[in-house]
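So the sequences go chain by chain: A, B and C. Mapping the first sequence onto my numbering, position 49 (from 1) lands on 49, and the numbers just tick up by one. Mapping the second sequence onto my numbering, position 113 (from 1) lands on 113, and the numbers just tick up by one. Mapping the third sequence onto my numbering, position 390 (from 1) lands on 390, and the numbers just tick up by one.
Each hint should be verified, as a subset may be incorrect.
Stated by the list, open to error - Calculated lysine-lysine pairs in the DSS-like style (CA-CA distance at most 30 Å, straight line):
| hint | chain 1 | residue 1 | chain 2 | residue 2 |
| --- | --- | --- | --- | --- |
| 1 | C | K210 | B | K118 |
| 2 | A | K244 | A | K401 |
| 3 | A | K401 | A | K476 |
| 4 | A | K202 | C | K159 |
| 5 | B | K105 | C | K110 |
| 6 | B | K57 | B | K69 |
| 7 | B | K11 | C | K210 |
| 8 | C | K361 | A | K192 |
| 9 | B | K69 | B | K105 |
| 10 | C | K159 | C | K110 |
| 11 | B | K59 | B | K69 |
| 12 | C | K361 | B | K132 |
| 13 | C | K501 | A | K244 |
| 14 | C | K361 | C | K375 |
| 15 | A | K403 | A | K202 |
| 16 | B | K132 | B | K57 |
| 17 | B | K105 | B | K11 |
| 18 | B | K132 | B | K118 |
| 19 | B | K36 | C | K501 |
| 20 | B | K36 | C | K112 |
| 21 | A | K192 | C | K375 |
| 22 | C | K159 | B | K105 |
| 23 | A | K202 | A | K401 |
| 24 | C | K112 | B | K118 |
| 25 | B | K118 | C | K501 |
| 26 | C | K159 | C | K112 |
| 27 | C | K210 | B | K57 |
| 28 | A | K111 | A | K192 |
| 29 | B | K132 | C | K159 |
| 30 | C | K159 | B | K118 |
| 31 | A | K111 | C | K501 |
| 32 | B | K105 | C | K112 |
| 33 | C | K375 | B | K132 |
| 34 | B | K59 | C | K361 |
| 35 | A | K192 | A | K480 |
| 36 | C | K375 | C | K112 |
| 37 | A | K476 | A | K413 |
In case anyone wonders, no lab produced these hints; they're calculated from the structure. Computed from a predicted structure; not experimentally measured.
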Amino acid sequence: MIEYRIPNNEYRISNIELFPLFDVLYSSFNFKGQLALETVYSSIPFFVIFVPLCAVALILIFSNRPNLRESWTILASLTKFGLIVSMLPTILDGKVIECAIVTVLPGLDIKFKIDALGIFFALTASFLWILTSFYSIGYVRTLNEHAQTRYFICFAVAISATMGVAFSANMFTTYLFYEMITFSTYALVAHKETPEARSGAKVYFVFLFGTSVAFLLSAIFLTYYATGTLDFSNQGIFNDARGKGLSDIFLIVVFGLFIAGTSKAAMMPFHAWLPRAMVAPTPVSAFLHAVAVVKSGIFVVVKIVLHLFGINLLNELRLGIVLAYCASFTMIVSSLIALRQDNLKARLAYSTVAQLSYVIFGVALLTPSGITGSIMHIVIHAFGKITLFFCAGAIYAVTHKTKISELDGIGRKMPFTMIAFSLASLSIIGIPPLGGFISKWYLAMGVIEAGEIPIIAVLIISSILNACYFIPIVYKAFFKELPPGETAERNEAPAIMVVPLALTATGTLLLFFVPSLFLDLAKMVVANLN
Amino acid sequence: MIDVIHFIQTKFYYLVVIFLMMIGLYTTIASRNLIKKVIGINIFQISVFLFYIAMAKVKHGTAPILWDKAVIYDNPLPHVLILTAIVVSVSTTAVALALIINIYKEYETIEEDSILAKQELDEEESILAKQKLDIDRSNMA
Amino acid sequence: MKFIQELPVLIIVIPLIFAVIIPLVGRLNRLLPWIIASTITFFCFLISISLLITVLDTGRISYWLGGWEPPWGIEYAIDYLNAFVLVVVSFIAFIVSLYSRRSVELEINKNKISAFYCIYMLFITGLMGIVITGDIFNIYVFLEISSLAGYGLIAIGRKREALVASYNYLILGTIAATFILIGIGYIYMATGTLNIADLQERLPALFHSKMVLVALAFFTVGLSLKLALFPLHAWLPGAYTHAPSVVSCIMAATATKVGVYAMLRIIFGVFRIEFDIHFIPIANILIVVSSMAIIAGSALAIAQTNLKRMLAYSSIGQIGYIVLGAVLANQIAMTGSIIHILNHALMKGALFMVVGCIIYKTGIEDISGLRGMGKKMPFTMAVFTVAGLSMMGVPLTVGFVSKWYIAIGALNAGMGYLIPVIITGSLLAAVYVWRIIVNIYFPEELPKHELQYTDGGAEITDHKSQYSEAPWSMLGPTIALAVLCIYFGISATAPLYIAEKAAVMLLQ
């Protein structure tokens, strides 16, 4: 079906297609495996970025009228999703959408190029933004948060910047929006303005801005100097520029700088900011620190691996496997740390650190299935983790409980929330019939393809650890007695919060049964690498 | 030895220039009195003027005034430049002295050390005043 | 047509004449000096723009003062580099004089206001003179005009510390000027000419001469003192801190930039880069020194508690960037250095204007006093944020453009080890800027009866302060600079075009 070549071996995705049963369902979009040769010029990408920024202005103007103000957020999220969906058919046709905004200086353009990978991420993020917007409104109103205008503004800027990262056509645009995410989410992390929030935000800023300037920017300087371009290419910029006689040491250093610079991906040892960022309001943790921010970091890593260095080059330098081992280390260690957390959000945060490394792990395998699996994991983990955070937020909003040890019997009080929680955690553990199984399956196939059988053990251990830190929560919630003094009275969060989390939980189920759209896009990414 | 004597004989005006220059610069740096510093600066500048005058001299040349018997004239351009530089120097001195007068009015001294001491005192006072005010206010509250 | 040809001299003569007229008419009307100063600087800006356009159209302009042909007469030579710097200087001078009215009324005694504008015009004249002239001795004369005016400007405020700061600047400035004078003497002894274009032709033949070497040494030290390159920066923090805000603003935005221009002109325009390669590694020395300036200036800025002093130290770091870009001596880095003259003028000008606004409204100069100011003065603080981000070198602001060029230039020069220096400078800037931005928008919770003191007597201000913005006459120019910070950060092609031509010209 799709031919994919790397130097020594030949793989066919069709050979490892282990879901013949669902193949019928998968082929609803009927992807033919074309290469993205044709380029369409369109200004839609610009509007995708621009719509949330318009919403910022409108939110500011109507800051005194909460209902009207929130309606702008909702409207912007819907418009944005609509715009992204409108680009989908073109992409599925095997075309690429381009949109040049401005030339900052010769060689540095702000330019958007939407390919399968970009729209994959944008689709996930913008869909979840709609749900998060509703949830946010419920959350901030239930808890009567202060500075709501600032909250919604920063949220809109952050999502706009996330789209920018997803759509960027070159490393400069990526870097620009990457920094924009840092600045806009800083305000959200520091939202509570308590000493704790301030110190958390400080760590957040030091890690994210510090590493991106110190390493990512240096790496970009070196890239531009060595290759004379920053535009992503299908084979990888450095792969294209191999004729220029770049030394291996130089390439390894630059690769190291890039990976160290994308600390949003929360690879150890640059993960410390993520648990500290949990001081933010829960919708922020849910959407930004499980989806938008961390996934944009991951997305940048994927771009670096696929489009900056290229699979062939990394294979040659044996850097992929090094990265895979780093990711494995993060997976295991952060899962172990997660086990010891009593604070629910902290446990989720360490779980996120571990799950993000799955994505890096898959890409680092440099095999078709590995890449497919890791890209699928972006959306699957997003749905799962956002559900978990939504649940944590709902629990906090209703009962003000933050610790796992306090959750005994909560399933009786908040059945919907906890059922959603269970589904999402099972998905993240990777139990069928939930989305998590698909990505883990592909990742395992990727390991086999790469011929690095030993590290399949990592996947197994990590999954067991996942189960170890999620199952007890579910068990406590449903099978333990409520603490004395509390009645088993039904006490759910408001519908505006419960409905989004129910929807995302359903999403984890649907991703198993009908992953065709996302899977097709993921396969297109792989196909386009040739 | 003869070389040295010859050198001194032929280049003695440059030696004078360097001598004056060092005196001037040293006075400026080492003196703690504001006016003495200005004097040092003046000596320093004058040494440079002499340097210009010296280099304008041409062997056997006469003053650069049209004259029947003259064969070679000295170079008049450095003289002109130095006229400008002298003007600059005078105005610098004037500004410096004006500043010193004002400093004296404010600090009642022209010794750098005591000015610095007074500045430190000022800072301490302002901090103390703030603290005192702080205590007053909190008592009030 | 005749008038157009006389523009190069008019840009000097007009402000010079009006500098004398201002104190005369200042008695008639309180506002007149400000109106004249603004109008004249605006005219200078227009003239410099028209000169820039002419240079872009026809190449180098050579104006013979009094009709005397160079190298005998004084020549005003305008090429890409000085047309560019001239536009920057005159634009900043115009914006600052627009801004100055209210701030000057507050910070300078009433009877000194017309004197202030008189000295201000002289200062501008001196700066533009340095830039426009093609005669090396003329550079010295204009340098002294601007410096003398500068001493006056610093001392004109109400603070008594300003007098001492001004005096220190005067001593160091005079030593620097005299060093430059000695350098000129040596170079004249060697070549017998003072015209820069002429010198450039004659010097290569004399490169082996010790006199030329000595001249370069004196020039380097003298100019480094004037532009406050790191170990010779002692005069700058005091002068910027205690001067009236308008003066700090104009000096930070233009005076040091013109110093850098003079250095570029003399090291590259007069001596050329071959001299460095074959005779003395002046560039390598300056690379080390300016790297130290970047790190030390930014690091010292972090330690400051006074806002103006912090900005002054940050200026020292930024000057390091400009010099570093220049002495790397390749086209890209030089472009970055020249564009940073504009960029730093914009951002530091905006920052000092913000400080002026804060002082006007509250009298606060301490960094800690900015607590929660985001609610009180939202526009001013927005400008501070934009200019601050620019100092950090965030993309889409001007700071990024220059850092990009200097970094790529360093790589092209084969000096990749300078990248950490440039990056560290950015990170240190992030420390001192971000600390303040956080304090502005996310103030720490303080006890309810929290007090804030102002110089004009302590008053109790609530944590959630009332909206109380600076007047629009001050806010307008401040915002204009911030907008330009972003505009030239998003679309830097126009200034880059000129800067690139200037760089090519200097390195040919």
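Each hint tested on the structure:
| no. | hint | verdict |
| --- | --- | --- |
| 1 | C/K210 <-> B/K118 | violated, 47 Å |
| 2 | A/K244 <-> A/K401 | violated, 59 Å |
| 3 | A/K401 <-> A/K476 | holds, 14 Å |
| 4 | A/K202 <-> C/K159 | violated, 37 Å |
| 5 | B/K105 <-> C/K110 | holds, 20 Å |
| 6 | B/K57 <-> B/K69 | holds, 18 Å |
| 7 | B/K11 <-> C/K210 | holds, 16 Å |
| 8 | C/K361 <-> A/K192 | holds, 29 Å |
| 9 | B/K69 <-> B/K105 | violated, 58 Å |
| 10 | C/K159 <-> C/K110 | holds, 15 Å |
| 11 | B/K59 <-> B/K69 | holds, 16 Å |
| 12 | C/K361 <-> B/K132 | holds, 24 Å |
| 13 | C/K501 <-> A/K244 | holds, 28 Å |
| 14 | C/K361 <-> C/K375 | holds, 14 Å |
| 15 | A/K403 <-> A/K202 | holds, 24 Å |
| 16 | B/K132 <-> B/K57 | violated, 69 Å |
| 17 | B/K105 <-> B/K11 | violated, 46 Å |
| 18 | B/K132 <-> B/K118 | holds, 20 Å |
| 19 | B/K36 <-> C/K501 | violated, 48 Å |
| 20 | B/K36 <-> C/K112 | holds, 29 Å |
| 21 | A/K192 <-> C/K375 | holds, 16 Å |
| 22 | C/K159 <-> B/K105 | holds, 13 Å |
| 23 | A/K202 <-> A/K401 | holds, 25 Å |
| 24 | C/K112 <-> B/K118 | holds, 26 Å |
| 25 | B/K118 <-> C/K501 | violated, 52 Å |
| 26 | C/K159 <-> C/K112 | holds, 14 Å |
| 27 | C/K210 <-> B/K57 | holds, 20 Å |
| 28 | A/K111 <-> A/K192 | violated, 36 Å |
| 29 | B/K132 <-> C/K159 | holds, 23 Å |
| 30 | C/K159 <-> B/K118 | holds, 14 Å |
| 31 | A/K111 <-> C/K501 | holds, 27 Å |
| 32 | B/K105 <-> C/K112 | holds, 17 Å |
| 33 | C/K375 <-> B/K132 | holds, 28 Å |
| 34 | B/K59 <-> C/K361 | violated, 67 Å |
| 35 | A/K192 <-> A/K480 | violated, 33 Å |
| 36 | C/K375 <-> C/K112 | violated, 35 Å |
| 37 | A/K476 <-> A/K413 | holds, 13 Å |
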